[in-house]
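There are 2 protein chains.
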Amino acid sequence: MSKVRNVTTLHPFDEALALTPVPASAQEHGRESARHWTGRTHPAYANMVGPFGGITAAQALRAVLAHPQCIGEPVSFTANFAAALQDGEFRAEARPVRTNRSTQHWLVTLSQSGPGGVDSVVFTATAVTALRRPTWSAADATMPAVPAPDAVPRTPLAGARVAWLRRYDMRPCAGAMPTEWNGVEADSLSQLWMRDDPPRPLDFCSLTAMADVFYPRVWRRRALMTPVGTVSMTVYFHAGADELAATGEGFLLGQARAQSFFNGFFDQSAELWNEAGDLLATTHQIVYFKE
Amino acid sequence: MSKVRNVTTLHPFDEALALTPVPASAQEHGRESARHWTGRTHPAYANMVGPFGGITAAQALRAVLAHPQCIGEPVSFTANFAAALQDGEFRAEARPVRTNRSTQHWLVTLSQSGPGGVDSVVFTATAVTALRRPTWSAADATMPAVPAPDAVPRTPLAGARVAWLRRYDMRPCAGAMPTEWNGVEADSLSQLWMRDDPPRPLDFCSLTAMADVFYPRVWRRRALMTPVGTVSMTVYFHAGADELAATGEGFLLGQARAQSFFNGFFDQSAELWNEAGDLLATTHQIVYFKE
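As they're listed, the protein sequences go chains A and B.
Note that the first sequence covers residues 669 to 959 in the numbering used here.
Note that the second sequence covers residues 669 to 959 in the numbering used here.
It cannot be assumed that every hint is accurate.
Note that identical chains are pooled: a pair holds if it fits in a single copy or bridges any two copies.
List of simulated lysine to any residue pairs, SDA-like, C-alpha gap at most 20 Å [said to hold, decoys possible]:
1. K958 - V896
2. K958 - S770
3. K958 - T767
4. K958 - G897
5. K958 - N715
6. K958 - A807
7. K958 - S779
8. K958 - P840
9. K958 - R801
10. K958 - T898
11. K958 - L833
12. K958 - E917
13. K958 - R800
14. K958 - R769
15. K958 - P812
16. K958 - P895
17. K958 - V717
18. K958 - M893
19. K958 - M716
20. K958 - A891
21. K958 - V852
22. K958 - L678
23. K958 - G851
24. K958 - E741
25. K958 - P817
26. K958 - A806
27. K958 - D755
These aren't lab readings, by the way, just hints derived from the structure by calculation.
This structure is a prediction, so every number in the text was calculated from the model and none was measured.
Same shape as in the complex, but just chain A (with noise of 0.2 Å):
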């Protein structure tokens, strides 16, 4: 029966992404256009420290979407972790700072109560979205050569330290976890079929936050483990609604790598394909790592 889904049921991100609108209040005289949510962190969501990055990601480009004024869809979006969340309440404002004709150009902050009850700055983001129009297309990333979804064994929960690793299932074809952190270098490069736990229809958001879902490179790189946190990451969509729509429910094939560690810092660069082989998105991080 575990299988059976119950559709009267908020699936965990939906209700991860709930957002719960803040009539605007004097102070917001003059900025009409700036928009307040409160939000939550979601226990299904959890990390180590705080919730999973790509889950508040996903949270912040909700606002910016759920906004009455927005335009077009999304086209580029760049979170930044300026802070570790703290588990419970989260302030929202998404704020449009320049609407063109067809491109729209978003703020985003998130804050949380800090010392002293004084709201603070947690994260923040800046989002294009985009009223796009058919042109010429081609996707010269392709995807390579992988096994299908179904002969490849997802990783084991077992093994799962934190929630959300169990809110996706993910099977490894390339560069899976070090099983051994013996400190033998590898490249950097991991390849693996993911989707939500349970399923769900792919949207902006949750695409998003699949954008995020890669372990830091610096542990495949070094097979060691050292602290890290992601500071900034930024999502390149290449697909409309429509493209994820017909996505549905089914896997994506993400391929991560980094190009450079230095100094406490590293990148991490991957693409996002749908099984039909459609690039869906780009994107890119720069991670702190402590040593």
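Model the placement of chain B on the given structure of chain A, informed by the hints.
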């Protein structure tokens, strides 16, 4: 005599980066840490319409680095080109929204007078600066084998239709601008040596500008000219001030390619190495194209 540099004359890049502080006004009460400057577009970096995007990004990063509260060096910088800048004055605001022990998160906006004299946002940026510490380091993106800068002819300036192209000594090794706009498709790869003209010691701002030197990938890919404009650009820095100083006035090798062209937007990923083969930065952007 034209090659003799007059050391008492400012380099055009430094002229362009001059920012004049604006004293804090009553409206800024409660946001004491924001600082404001006025700057100007510079004719030496003019593009077809408004300035070269790289110089605008550099000016915004300059506003961060000039802030008296700035700690550390840039690790990550994302520039969003919200509207075409008009030639003339702009107003810059740089605000440290979060200062941690070793990292700092920034919001930057550039504004210009719009219709009716109202300030409107033309550009936003986020930046992360950090006090780096020595750690295990490795650059996995290795410089491709190309001829030395001296062995590669410079792109003639005779065809330079915009001023900013004269500010860079560019020496294409592969994927030069098409000479025939005949619609014959090619790959999107370009490799070129580049440096400031006149030469100038590399710093974080000039490295940021050079991340935007590549001509539009869609022109290379299709051998068709279509109107384009960078919407968002991210730079990850993989070097500190010492490594940039060691690079000095030497050439950088830039390599750029696209991964997707989809309904009006394409991406570009690029790497920048110095002549010694050190990877100084990786950079990504998403670019509007018309058809």
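Quick rundown of the hints versus the structure:
1. Proximity of K958 to V896 under the C-alpha cut-off of 20 Å is restricted to the intra-copy arrangement: shortest distance 6 Å within a copy versus 40 Å between copies.
2. Only between protomers do K958 and S770 lie at most 20 Å apart by alpha-carbon distance; the minimum there is 12 Å, versus 43 Å within a single protomer.
3. In this assembly of identical chains, K958 and T767 lie within 20 Å of each other by CA distance solely across copies; the values are 18 Å between and 40 Å within a copy.
4. Within a single copy, K958 and G897 get their C-alpha atoms as close as 9 Å, which meets the 20 Å cut-off; across copies the closest is 38 Å, which misses it.
5. For a Cα distance limit of 20 Å, the shortest separation of K958 from N715 inside one copy, 18 Å, qualifies, whereas the shortest one across copies, 42 Å, does not.
6. Within a single copy, K958 and A807 get their C-alpha atoms only as close as 36 Å, which misses the 20 Å cut-off; across copies the closest is 17 Å, which meets it.
7. In this assembly of identical chains, the alpha carbons of K958 and S779 never lie at most 20 Å apart, being 26 Å within a copy and 38 Å across copies at closest.
8. Taking CA atoms no more than 20 Å apart as the test, K958 paired with P840 passes in neither setting, with 26 Å inside one copy and 38 Å between copies.
9. In this homomeric assembly, K958 and R801 come within 20 Å of each other (Cα to Cα) only across copies, at 9 Å, whereas the closest approach inside a single copy is 45 Å.
10. When the C-alpha separation of K958 and T898 is checked against a cutoff of 20 Å, the pair qualifies only within one copy, where the shortest distance is 12 Å, while the shortest distance between copies is 34 Å.
11. Within a single copy, K958 and L833 get their C-alpha atoms no closer than 23 Å, and across copies no closer than 41 Å, so neither meets the 20 Å cut-off.
12. Taking the shortest Cα distances, K958 and E917 never come within 20 Å of each other, neither inside one copy (37 Å) nor across copies (32 Å).
13. Taking CA atoms no more than 20 Å apart as the test, K958 paired with R800 passes between copies only; the shortest distance there is 10 Å, against 41 Å inside one copy.
14. Taking the closest pair of Cα atoms, K958 and R769 come within 20 Å of each other only across two copies (13 Å); inside a single copy the shortest separation is 45 Å, beyond that limit.
15. Proximity of K958 to P812 under the C-alpha cut-off of 20 Å is found in neither arrangement, the shortest distances being 32 Å within a copy and 30 Å between copies.
16. Proximity of K958 to P895 under the C-alpha cut-off of 20 Å is restricted to the intra-copy arrangement: shortest distance 6 Å within a copy versus 44 Å between copies.
17. In this homomeric assembly, K958 and V717 come within 20 Å of each other (Cα to Cα) only inside a single copy, at 16 Å, whereas the closest approach across copies is 44 Å.
18. Taking CA atoms no more than 20 Å apart as the test, K958 paired with M893 passes inside one copy only; the shortest distance there is 10 Å, against 46 Å between copies.
19. In the homo-oligomer, the alpha carbons of K958 and M716 lie at most 20 Å apart inside one protomer (16 Å), although the nearest pairing across protomers, at 45 Å, exceeds that limit.
20. In this assembly of identical chains, K958 and A891 lie within 20 Å of each other by CA distance solely inside one copy; the values are 14 Å within and 46 Å between copies.
21. For the identical chains of this complex, K958 and V852 are intra-copy neighbours only, at 18 Å inside a copy versus 48 Å across copies, given an alpha-carbon limit of 20 Å.
22. In the homo-oligomer, the alpha carbons of K958 and L678 never lie at most 20 Å apart, since the shortest distance is 38 Å inside one protomer and 40 Å across protomers.
23. Taking the shortest alpha-carbon separations for K958 and G851, only the intra-copy value of 15 Å comes in at or below 20 Å, while the best inter-copy value is 49 Å.
24. For the identical chains of this complex, K958 and E741 are inter-copy neighbours only, at 17 Å across copies versus 37 Å inside a copy, given an alpha-carbon limit of 20 Å.
25. For the identical chains of this complex, K958 and P817 are neighbours neither inside a copy (34 Å) nor across copies (37 Å), given an alpha-carbon limit of 20 Å.
26. Only between protomers do K958 and A806 lie at most 20 Å apart by alpha-carbon distance; the minimum there is 14 Å, versus 40 Å within a single protomer.
27. Proximity of K958 and D755 under a CA criterion of 20 Å is satisfied in neither setting, with 23 Å inside one chain copy and 44 Å between copies.
The structure fails to meet hints 7, 8, 11, 12, 15, 22, 25 and 27 from the earlier list, while all remaining hints are met.
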